[in-house]
Amino acid sequence: MTEEKKKIKMAVYWGAACGGCCVSVLDVHESLFTVVEHADLVFWPIALDTKYADVEAMEDKSIDLTLFNGAVRNSENEHMAHVLRKKSKVLVAYGSCAHMGGIPGLANLSSKKEVFRRAYHDSESTVNPDKIEPQTVTEVKEGTLTLPEFYEEVKTLDQVTDVDYYLPGCPPNTARLVEVFLAVVTGAELPPSGSVVGASDKPLCDECKREKSDNKKVKKFYRPWEVQDDYKTCLLEQGIVCMGPATRSGCGARCIEGNGPCRGCYGPTKDVVDPGAKMMSAIATMIDSNDEEEIKKIVESVVDPAGTFYRVSVPGSIIRRKVS
Amino acid sequence: MSYEPKIVGFLCNWCSYTGADLAGTSRMKYPSNIRILRVMCSGRVDPTFVLKAFREGADAVLICGCHPGDCHYHEGNYKCLRRYHVLKKYIEQMGIDPKRLRLEWVSASEGKQFAALVEEYTQQIRELGPCAVKEELDKGEKKKETVDADLAKTA
Numbered sequence: 001m002t003e004e005k006k007k008i009k010m011a012v013y014w015g016a017a018c019g020g021c022c023v024s025v026l027d028v029h030e031s032l033f034t035v036v037e038h039a040d041l042v043f044w045p046i047a048l049d050t051k052y053a054d055v056e057a058m059e060d061k062s063i064d065l066t067l068f069n070g071a072v073r074n075s076e077n078e079h080m081a082h083v084l085r086k087k088s089k090v091l092v093a094y095g096s097c098a099h100m101g102g103i104p105g106l107a108n109l110s111s112k113k114e115v116f117r118r119a120y121h122d123s124e125s126t127v128n129p130d131k132i133e134p135q136t137v138t139e140v141k142e143g144t145l146t147l148p149e150f151y152e153e154v155k156t157l158d159q160v161t162d163v164d165y166y167l168p169g170c171p172p173n174t175a176r177l178v179e180v181f182l183a184v185v186t187g188a189e190l191p192p193s194g195s196v197v198g199a200s201d202k203p204l205c206d207e208c209k210r211e212k213s214d215n216k217k218v219k220k221f222y223r224p225w226e227v228q229d230d231y232k233t234c235l236l237e238q239g240i241v242c243m244g245p246a247t248r249s250g251c252g253a254r255c256i257e258g259n260g261p262c263r264g265c266y267g268p269t270k271d272v273v274d275p276g277a278k279m280m281s282a283i284a285t286m287i288d289s290n291d292e293e294e295i296k297k298i299v300e301s302v303v304d305p306a307g308t309f310y311r312v313s314v315p316g317s318i319i320r321r322k323v324s
Numbered sequence: 001m002s003y004e005p006k007i008v009g010f011l012c013n014w015c016s017y018t019g020a021d022l023a024g025t026s027r028m029k030y031p032s033n034i035r036i037l038r039v040m041c042s043g044r045v046d047p048t049f050v051l052k053a054f055r056e057g058a059d060a061v062l063i064c065g066c067h068p069g070d071c072h073y074h075e076g077n078y079k080c081l082r083r084y085h086v087l088k089k090y091i092e093q094m095g096i097d098p099k100r101l102r103l104e105w106v107s108a109s110e111g112k113q114f115a116a117l118v119e120e121y122t123q124q125i126r127e128l129g130p131c132a133v134k135e136e137l138d139k140g141e142k143k144k145e146t147v148d149a150d151l152a153k154t155a
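If you're matching them up, the sequences are chains A and B in order. Residue numbers for the first sequence follow the numbering used here, so the first one is 1 and each next one is one higher. Residue numbers for the second sequence follow the numbering used here, so the first one is 1 and each next one is one higher.
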């Protein structure tokens with residue numbers, strides 16, 4: 001069987017990421033052979049030794065499919081976003097970080113100065129008597145050393161370049177990735193540019209198997225460890241903030257299957273501009289009081305609204321970082 | 001020119017907008033700093049509207065609805081009250097002074113009170129100074145020139 005089969009060229013890159021998205025690609029398990037049968041992986045820092053210069057030397061639009069995971073935290077991430085955009089036919093923001101900023105995006109609740117202070121001076125394990133901080137340019141006698149510039153704020157991929165598709169999730173459900181991959185390989189008609197792929201337009205509650213009633217009235221919100229879950233009733237009805245109503249389905253409700261509340265990693269449902277605003281709206285509706293003082297007390301029990309409603313989406317929200 | 005704040009007002013159709021209208025038809029004067037948007041109910045004010053107003057340069061947002069118990073839709077104003085407190089907590093975390101968001105009840109007959117409210121709130125915001133959201137967030141927007149300059153380095 002030496003018959004030449006036209007393979008697609010594929011790249012996977014990570015910006016400010018934890019590596020989980022790359023692992024979710026590996027989670028295709030034995031199907032990886034099928035992937036390799038249909039695609040040449042031309043760039044994948046976690047697995048291959050292709051250098052940036054090799055990518056820069058590729059012809060424009062020569063990569064058929066690029067999965068960009070991770071947020072844009074520094075000038076290196078942004079540079080590779082620009083390069084990969086130029087070299088790729090289809091650029092996919094893969095995972096919550098590239099889509100909305102993800103967990104690294106929570107750093108937008110602090111300034112760069114505060115991040116540096118904590119990381120290089122104040123943290124318990126740091127010994128830095130000379131108060132040294134990373135510099136983008138350092139002159140030594142052997143020459144000039146450079147480091148990427150750490151940005152003032154974490155950005156989403158589409159804030160630095162044009163993105164064709166968004167494949168959400170932290171990490172994306174591997175089955176959804178396979179569906180998208182097969183669509184590209186088989187040359188199926190792709191959805192319009194800018195679409196969210198590998199997820200449904202319906203909210204997660206649609207997919208969730210827990211028992212739900214219309215009686216969503218809450219006198220106090222609890223953090224998950226503060227209540228004994230009964231393992232069958234809707235978590236919201238038990239007073240646990242679950243992002244289900246404001247989040248796309250597609251993940252298979254995997255957090256709820258594990259008896260944890262939804263964190264919103266699949267992002268807001270169709271046509272919603274701000275990921276957390278709808279959840280704030282929903283939570284407020286559930287507050288079981290018309291008395292202002294009592295309402296204030298119930299709101300107090302939502303300990304960290306920014307970190308709860310925008311856990312994976314601070315950079316992708318309307319007020320995308322804390323202002324001074 | 002001295003600083004003049006921009007205030008976005010969301011007024012419910014049934015009470016507060018009618019109240020503001022009464023202030024107008026009674027020829028009462030109040031500062032033109034407020035830009036009024038009529039909504040059918042204060043319960044219609046989605047948190048997105050408020051955040052978008054701040055993002056686009058509002059120095060403050062004033063929401064007015066019917067007095068408790070008077071809502072045309074029975075409890076829209078209570079929903080608004082609850083959202084307002086959640087939002088206030090959130091904007092404070094994002095570095096926006098919670099005083100920049102205010103909820104007041106104004107009935108259809110309270111034209112005078114509405115004019116006084118706008119007068120007093122405008123003065124308060126004037127003293128607070130401009131809201132930094134638009135200016136700071138505009139700085140970080142994607143710019144095509146930076147993309148071209150960055151790619152030129154590798155060409």
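Keep in mind the hints are simulated off the structure, nothing from the lab. Keep in mind the model is a prediction, meaning the values are calculated, not measured. Here a beta-carbon is modelled for each residue, glycine too, at the ideal position from N, C-alpha and C. Do not rely on the hints blindly, as some may be mistaken.
Label pairs and their calculated CB-CB ranges [to be verified]: (1) B/153 x A/128: 29 to 39 Å; (2) B/151 x A/232: 46 to 56 Å; (3) A/232 x B/132: 17 to 27 Å; (4) A/137 x B/99: 50 to 60 Å; (5) A/28 x B/154: 28 to 38 Å.
Cross-link-like lysine-lysine pairs, in silico, PhoX-like; alpha carbons within 25 Å at most [as the list claims (entries may be wrong)]: (6) A/51 x A/7; (7) B/6 x B/52; (8) B/112 x A/113; (9) A/217 x A/202; (10) B/89 x A/322; (11) A/270 x B/52; (12) A/296 x B/29; (13) B/29 x B/52; (14) A/113 x B/153; (15) B/88 x A/220; (16) B/134 x A/296; (17) A/9 x A/51; (18) B/52 x A/89; (19) B/6 x A/112.
To see whether the hints hold, each was checked on the structure:
1. B/153 x A/128: 29 to 39 Å: 32 Å, holds
2. B/151 x A/232: 46 to 56 Å: Given a distance of about 55 Å, which is inside 46 to 56 Å, the answer is holds.
3. A/232 x B/132: 17 to 27 Å: 47 Å, violated
4. A/137 x B/99: 50 to 60 Å: 43 Å, violated
5. A/28 x B/154: 28 to 38 Å: Cβ of residue 28 of chain A to Cβ of residue 154 of chain B: about 32 Å, so the range 28 to 38 Å holds.
6. A/51 x A/7: Measuring from Cα to Cα gives roughly 22 Å; hence the hint holds.
7. B/6 x B/52: Roughly 14 Å separates the two Cα atoms, so the pair holds.
8. B/112 x A/113: This hinted pair is violated, its Cα atoms lying about 48 Å apart.
9. A/217 x A/202: 23 Å, holds
10. B/89 x A/322: 13 Å, holds
11. A/270 x B/52: Distance ~18 Å between residue 270 of chain A and residue 52 of chain B Cα, so the pair holds.
12. A/296 x B/29: With Cα atoms ~34 Å apart, residue 296 of chain A and residue 29 of chain B exceed 25 Å; violated.
13. B/29 x B/52: 28 Å, violated
14. A/113 x B/153: With a Cα-Cα distance of about 28 Å, the restraint between residue 113 of chain A and residue 153 of chain B is violated, given a limit of 25 Å.
15. B/88 x A/220: 18 Å, holds
16. B/134 x A/296: Since the Cα atoms of residue 134 of chain B and residue 296 of chain A sit roughly 29 Å apart, the hinted pair is violated (cutoff 25 Å).
17. A/9 x A/51: 16 Å, holds
18. B/52 x A/89: With Cα atoms ~33 Å apart, residue 52 of chain B and residue 89 of chain A exceed 25 Å; violated.
19. B/6 x A/112: 30 Å, violated
Hint compliance for this structure: hints 3, 4, 8, 12, 13, 14, 16, 18 and 19 are not met, and every other hint is.
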